[in-house]
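Student: Please build the complex by placing chain G on the supplied structure of chain F, with the hints as guidance.
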Amino acid sequence: MAARVQAEDFDAAAEARALIAGRRDVGALVAFVGLCRDEGGRLAALEIEHYPGMAEAEIARVVAEAEARWPLIGVSVVHRCGRIEPGDQIVLVAVAAAHRGDAFAAAEMLMDYLKTRAPFWKRERLSDGSVGAWVEAEADDDARAERWGEGTSS
Amino acid sequence: MKALYFASVRERVGKNEEEIDPPAEVVTVGDLFGWLAARGEGYAEAFANRAVRAALDRVHVKRDAPLAGAREIAFFPPMTGG
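Protein chains in written order, with my numbering: chain F, 1 to 154; chain G, 1001 to 1082.
In case anyone wonders, no lab produced these hints; they're calculated from the structure.
Beta carbons: idealized from backbone N, C-alpha and C, even for Gly.
Take these hints with a grain of salt, some might be off.
As the list claims (entries may be wrong) - To list a few chain F residues with every Cβ distance to chain G over 12 Å, as calculated:
hint, residue
1, Gly22
2, Arg23
3, Val30
4, Phe32
5, Gly40
6, Arg69
7, Arg100
8, Ala118
9, Leu126
10, Glu138
What the hints assert, rightly or not - Rough simulated footprint, nothing fancy, chain F against chain G, three-plus residues with beta-carbon under 8 Å:
hint, segment
11, 1003 to 1009
12, 1054 to 1064
13, 1067 to 1080
If we strip away everything but chain G, and leave its shape as in the complex, we get:
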């Protein structure tokens, strides 16, 4: 699946997007936070932050949402538009 990173999450991870292929035991969005956090220092810093949000195929989701074949997941801090 494609992972996208925005704002402070993008800066900590050091890239805008990447293809990821998590193992079968990564079932929920929350599992993916944990799996990504283990990929390196910048990731650990980005994904340890409890305030970081996720969207699955461009819809906001909570951490207990199943990944269930989604094509795109995005991670970002709380929004500050308007």
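Chain F extracted, bound-state conformation:
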């Protein structure tokens, strides 16, 4: 299991390959990448703030919950911080398992939990050069996390 927070971009294919390197028991590999949208041209960039130490710890707790729930062979999570521009990668969740059902479900749960529990906050930088607002948490994200059976822990 790998969980990292970094300012630098990541190589999603290399991260995914590392999960299956030298193994003969992996039947399914799911890699999800979240990207920064330009919101119809309105957005110049996102500034992502995080809580160093807790962000890594909370990602590790979420991964441990997924590993307890499904028989997973490998999990890799990378979340970027700092300035991210439209088209740039923000987050990677890669899951290797024997079967696709477990890999798809675990990847989706990991993303749903990361959005509501990992301590990251996005602020908008607008195309007109001004500093935009903090992105508001969406009730829909809470609902997506809660359908996995346990609410957000706060």
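Tutor: For chain G alone, kept in the frame of chain F given last:
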């Protein structure tokens, strides 16, 4: 204990972190919200917001959680990562 502030809470309070020494009657996380809110205008604005969350020693907690010797408490708005 050390108090950390993030995102909109950090901006309202006007600092990233500070050492705080709440009195003995501040027992729970919720008590601390009330005590901090009385420290000034920015604090009042930050801590009156019911949506603000807390983490004790880097673990999410609810407002009824006891402070019980924690070394670090962080305050922040609902998370928007991913």
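Student: Hints first: check each against the structure and report whether it holds.
Tutor: Status of each hint after checking the structure:
1. Gly22: 30 Å, holds
2. Arg23: 28 Å, holds
3. Val30: Holds, since 16 Å exceeds 12 Å.
4. Phe32: F:Phe32 is in fact no farther than 12 Å from some Cβ atom of chain G, at 10 Å.
5. Gly40: Check passes; 19 Å lies beyond 12 Å.
6. Arg69: 19 Å, holds
7. Arg100: 22 Å, holds
8. Ala118: The assertion about F:Ala118 is violated, with a minimum of 5 Å to chain G.
9. Leu126: 17 Å, holds
10. Glu138: 8 Å, violated
11. 1003 to 1009: It holds: at least three residues are needed, and the segment 1003 to 1009 of chain G offers 4 whose Cβ sits within less than 8 Å of chain F.
12. 1054 to 1064: It holds: at least three residues are needed, and the segment 1054 to 1064 of chain G offers 7 whose Cβ sits within less than 8 Å of chain F.
13. 1067 to 1080: Held - the segment 1067 to 1080 of chain G has 6 residues with a Cβ nearer than 8 Å to chain F, which meets the minimum of three.
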